[in-house]
Amino acid sequence: MTQSVDERPASSTGPAPALEVRDGRKSFGAVHALRGVDITVRVGEVTALVGDNGAGKSTMIKCIAGIFPFDSGAVLVNGTKAHIHSPAEASAAGIEVVYQDLALCDNLDIVHNMFLGREMKKGLRLDETAMETKAADVLASLSVRTVRSIRQQVASLSGGQRQTVAIARAVLWNSKIVILDEPTAALGVAQTEQVLQLVRRLADAGLAVLLISHNMNDVFEVADSINVLYLGQTAAQVRTSDSTRAKIIELITSGAASTDEPPLSGRRTDAAATTTNGSNPA
Amino acid sequence: MSTSTLPPSATPSPLAGAVQQPTFTENVQGYVSKLRGGDMGTLPAILAFLILTAVFVVLKPGTFTSFLNIANLFQQGAVVATIGMGLVFVLLLGEIDLSAGFASGVCGAVLAVALTNKQWPLIVALPLSLLTGVVIGLGLGLLVAKVGIPSFIATLAAFLAFQGVVLLIIGNGGNISITNPAVLAIENKNIAPWLGWLIVIAALVIYVGMGLRQWSTRRNNGLLVAPLASLIVKLGLVVVIVLALTFILNQERSLNPLRTSISGIPIVIPVIAVLALGLTFLLNGTAFGRHVYGVGGNAEATRRAGINVARVRITCFVICSTLAACAGIFGASRATSVDPNAGGSNVLLYAVGAAVIGGTSLFGGKGRVVDALIGAAVIAVIDNGMGLLGYSAGVKYVVTGGVLVLAAGVDALSRGRMRGSR
Numbered sequence: 001m002t003q004s005v006d007e008r009p010a011s012s013t014g015p016a017p018a019l020e021v022r023d024g025r026k027s028f029g030a031v032h033a034l035r036g037v038d039i040t041v042r043v044g045e046v047t048a049l050v051g052d053n054g055a056g057k058s059t060m061i062k063c064i065a066g067i068f069p070f071d072s073g074a075v076l077v078n079g080t081k082a083h084i085h086s087p088a089e090a091s092a093a094g095i096e097v098v099y100q101d102l103a104l105c106d107n108l109d110i111v112h113n114m115f116l117g118r119e120m121k122k123g124l125r126l127d128e129t130a131m132e133t134k135a136a137d138v139l140a141s142l143s144v145r146t147v148r149s150i151r152q153q154v155a156s157l158s159g160g161q162r163q164t165v166a167i168a169r170a171v172l173w174n175s176k177i178v179i180l181d182e183p184t185a186a187l188g189v190a191q192t193e194q195v196l197q198l199v200r201r202l203a204d205a206g207l208a209v210l211l212i213s214h215n216m217n218d219v220f221e222v223a224d225s226i227n228v229l230y231l232g233q234t235a236a237q238v239r240t241s242d243s244t245r246a247k248i249i250e251l252i253t254s255g256a257a258s259t260d261e262p263p264l265s266g267r268r269t270d271a272a273a274t275t276t277n278g279s280n281p282a
Numbered sequence: 001m002s003t004s005t006l007p008p009s010a011t012p013s014p015l016a017g018a019v020q021q022p023t024f025t026e027n028v029q030g031y032v033s034k035l036r037g038g039d040m041g042t043l044p045a046i047l048a049f050l051i052l053t054a055v056f057v058v059l060k061p062g063t064f065t066s067f068l069n070i071a072n073l074f075q076q077g078a079v080v081a082t083i084g085m086g087l088v089f090v091l092l093l094g095e096i097d098l099s100a101g102f103a104s105g106v107c108g109a110v111l112a113v114a115l116t117n118k119q120w121p122l123i124v125a126l127p128l129s130l131l132t133g134v135v136i137g138l139g140l141g142l143l144v145a146k147v148g149i150p151s152f153i154a155t156l157a158a159f160l161a162f163q164g165v166v167l168l169i170i171g172n173g174g175n176i177s178i179t180n181p182a183v184l185a186i187e188n189k190n191i192a193p194w195l196g197w198l199i200v201i202a203a204l205v206i207y208v209g210m211g212l213r214q215w216s217t218r219r220n221n222g223l224l225v226a227p228l229a230s231l232i233v234k235l236g237l238v239v240v241i242v243l244a245l246t247f248i249l250n251q252e253r254s255l256n257p258l259r260t261s262i263s264g265i266p267i268v269i270p271v272i273a274v275l276a277l278g279l280t281f282l283l284n285g286t287a288f289g290r291h292v293y294g295v296g297g298n299a300e301a302t303r304r305a306g307i308n309v310a311r312v313r314i315t316c317f318v319i320c321s322t323l324a325a326c327a328g329i330f331g332a333s334r335a336t337s338v339d340p341n342a343g344g345s346n347v348l349l350y351a352v353g354a355a356v357i358g359g360t361s362l363f364g365g366k367g368r369v370v371d372a373l374i375g376a377a378v379i380a381v382i383d384n385g386m387g388l389l390g391y392s393a394g395v396k397y398v399v400t401g402g403v404l405v406l407a408a409g410v411d412a413l414s415r416g417r418m419r420g421s422r
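For the record, the sequence lines run as chains A and B.
Under the working numbering, the first residue of the first sequence is numbered 1, with each subsequent residue one higher.
Under the working numbering, the first residue of the second sequence is numbered 1, with each subsequent residue one higher.
Okay, chain A solo, but in the shape it has when bound (with noise of 0.2 Å):
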């Protein structure tokens, strides 16, 4: 893996990205789900990942929260080389995974599932006040007002809430890196645009924000950043203002650019020896 993933100048003297993958591989068995990975995810910013159904987009942000560890490449937190094999050093290490089914207890309120495992205590008690003041806290500074009490079960929220409730959850600890799985998957329109708006807010507020998505509007909507996976492969990471939505699928879709980008003959060679050998990244 020569490409360079950003097209940043490599003697750029800002400070070192929040999360950086060089050619990161994992296999299962006889499948080669991931076939060197690279993305640089920079603070302040909302970095992209997209690729079509199979390209390994699941498999690479599992990896990266320690659900189980690449076989062989680099994962940089603030460009110092990070070993993360387990959620709860992914955790020590600043960053947060919001997955796709959220992992919400519908019975609790939302205070309790924002500090569920973590709860404040006050020696043996919980501490309550303290707890609800600092979730009413955090939901404010997202600028969340739609939540009538922050007592009130999950149950009975709307599917952006349940989101924002996961986001919040989130960010509550030392976070310094967000994951988003397809955020806004299951969303109608008005929730879709909240839940948009406070994924910008994030990075905004300093944090590095990572946005698994397949939609290519909410990409091009919040994204600074974007990176193809293709085929258990990077195929290229790009501005958001350098790139038009037409580039990007034909990288999703192909794995390379055919205008002004570099032909990536061997990478597509090498990818459709996988397909035929009957695996099917996922």
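Since the hints were made in silico from the structure, they are not lab data.
Please note that the accuracy of each hint is not assured.
Think about it this way: if two alpha-carbon atoms lie no more than 20 Å apart in a straight line, the pair counts; the simulated SDA-like pairs of lysine to any residue are [stated by the list, open to error]:
id : chain 1 : residue 1 : chain 2 : residue 2
1  : A       : LYS122    : B       : GLY285
2  : A       : LYS122    : B       : PHE281
3  : A       : LYS121    : B       : LEU223
4  : B       : LYS234    : B       : SER216
5  : A       : LYS121    : B       : THR280
6  : A       : LYS122    : B       : THR280
7  : A       : LYS134    : B       : LEU224
8  : B       : LYS146    : B       : GLY306
9  : A       : LYS134    : B       : SER216
10 : B       : LYS118    : B       : LEU128
11 : A       : LYS176    : A       : VAL43
12 : A       : LYS121    : B       : THR217
13 : A       : LYS122    : B       : ALA287
14 : B       : LYS146    : B       : VAL309
15 : A       : LYS121    : B       : THR286
16 : A       : LYS122    : B       : ARG213
17 : A       : LYS81     : A       : ILE61
18 : A       : LYS134    : B       : ALA287
19 : B       : LYS189    : B       : ASN69
20 : A       : LYS62     : B       : GLY306
21 : A       : LYS122    : B       : THR286
22 : A       : LYS122    : B       : ARG219
23 : A       : LYS134    : B       : THR217
Model the placement of chain B on the given structure of chain A, informed by the hints.
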């Protein structure tokens, strides 16, 4: 505790700063809409209790409300209520413990053997009996949480096995009598009326004080609180009910007061009250309690939150069986002996019924300790009232079964309604 990554907002938080406190009417309206949304809580059980009481008062005016019978109700309901409180923990997980009834029988038998056959002192026999409960719960919890046997099957097997264990301990057709005065006192002796008043008033002062303090702490921190009027209504109701019951129980209730005087709160009531308060604190005041609700609501989410789900499950089974041990001791005290049928027949089903009638969901994630107490009251009233009316055991079972189906139906329907209202 780590801090949030995001900077505090410049404007005061609309949620934390100036909360718009609801008025009394808004609060009542909110409660009504909550009921309509399907979240009935204990309301059906309380209604059933009131209706049944009214029916029995009308049909059997003198006897049902006699002081003797009211005290009797508590003593009858103690075993069911205690097992029911333990079952709430298991039901909250979405599991069931069918063996709790005979587990109480085993623990009662252990107590009887230790006290009567071995002549061991109470200080040894009582912990031994409770420890038996802990070990039973540990075994069941491991089978369910670690081996992965569905709780229905694991505890059904235990139900059969414990039935045999009680028989083996006591011997077929046998009967071990209890003579220890302390054990007998639990269900058969009363607290002197003046001491009863003292305890009740002290407890109520603490209860009201804590309620008001919590309310003012939340208000001072700018958090949403119920209107003061709602709080006073709630606290006032509890105070009035408890005082009324204390008054009734402190009346002379002996049929022949000249020969033996019976008055005062039966000792088992404060014992159960202490258990209920302790378990309520465990469930609502501690992180463990949150995790129990979490596992019942979404076990996968709880696991991802870094909680040891298996440990939570096992702990709940241990709590359930330990409470069953307490119930076994109460049962032995009430019967003044332990026979092979201890904890058998309808005890377990009444206990499950008590929890479910009180509003604990069989689907997990919803329920409170107090549900078991209210449900047990409903069952005790049916059992007692229909007995007084001279109905056969057959009719009693049919009516109790009907009430249970009704309660489970309310649970299932309200669950569907809450889903639909999302």
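Quick rundown of the hints versus the structure:
For the given pair, A/LYS122 sits about 10 Å from B/GLY285 by alpha-carbon distance, which is consistent with the 20 Å threshold. Proposed proximity of A/LYS122 and B/PHE281 is supported: the alpha carbons are some 14 Å apart, at most 20 Å. About 18 Å separates the Cα atoms of A/LYS121 and B/LEU223, which keeps this hinted pair within 20 Å; it holds. Between B/LYS234 and B/SER216, the direct Cα distance comes to roughly 16 Å. Compliance with the 20 Å bound is thereby established for this hinted pair.
Between A/LYS121 and B/THR280 the CA atoms are separated by roughly 17 Å; this keeps the pair inside 20 Å, and the hint holds. In summary, the hint linking A/LYS122 to B/THR280 is supported, as the alpha carbons are separated by about 17 Å, within the 20 Å threshold. Taken as a hint, the A/LYS134 and B/LEU224 pair is honoured in the structure, with Cα atoms around 14 Å apart against an allowance of 20 Å. Distance hint between B/LYS146 and B/GLY306 is fulfilled; the C-alpha atoms sit about 17 Å from each other, no more than 20 Å.
Taking the CA atoms of A/LYS134 and B/SER216, the gap is about 18 Å. The hint holds against a cut of 20 Å. In summary, the hint linking B/LYS118 to B/LEU128 is supported, as the alpha carbons are separated by about 13 Å, within the 20 Å threshold. Proposed proximity of A/LYS176 and A/VAL43 is supported: the alpha carbons are some 8 Å apart, at most 20 Å. Note on A/LYS121 and B/THR217: the hinted pairing holds, with a Cα-Cα distance of about 16 Å set against a maximum of 20 Å.
Between A/LYS122 and B/ALA287 the CA atoms are separated by roughly 11 Å; this keeps the pair inside 20 Å, and the hint holds. Taking the CA atoms of B/LYS146 and B/VAL309, the gap is near 10 Å; set against the 20 Å cutoff, the hint holds. With a C-alpha separation of about 8 Å, the suggested pair A/LYS121 and B/THR286 falls inside the 20 Å cut-off, and the hint holds. Of the supplied pair hints, the one linking A/LYS122 and B/ARG213 holds, its CA atoms being roughly 16 Å apart against a limit of 20 Å.
Under the criterion of a C-alpha separation no larger than 20 Å, the hint pairing A/LYS81 with A/ILE61 is consistent with the structure, at around 17 Å. Distance hint between A/LYS134 and B/ALA287 is fulfilled; the C-alpha atoms sit about 17 Å from each other, no more than 20 Å. Between B/LYS189 and B/ASN69 the alpha-carbon distance is near 15 Å, which keeps this suggested pair within the 20 Å criterion. At roughly 16 Å between alpha-carbon atoms, A/LYS62 and B/GLY306 fall within 20 Å of each other, so this suggested pair holds.
For the proposed pair A/LYS122 and B/THR286, the alpha carbon gap of about 10 Å is at most 20 Å, so the pair holds. Only pairs whose Cα atoms come within 20 Å are accepted, and A/LYS122 paired with B/ARG219 is accepted, the gap being roughly 19 Å. Only pairs whose Cα atoms come within 20 Å are accepted, and A/LYS134 paired with B/THR217 is accepted, the gap being roughly 15 Å.
Violated hints are absent here; each numbered hint is respected by the structure.
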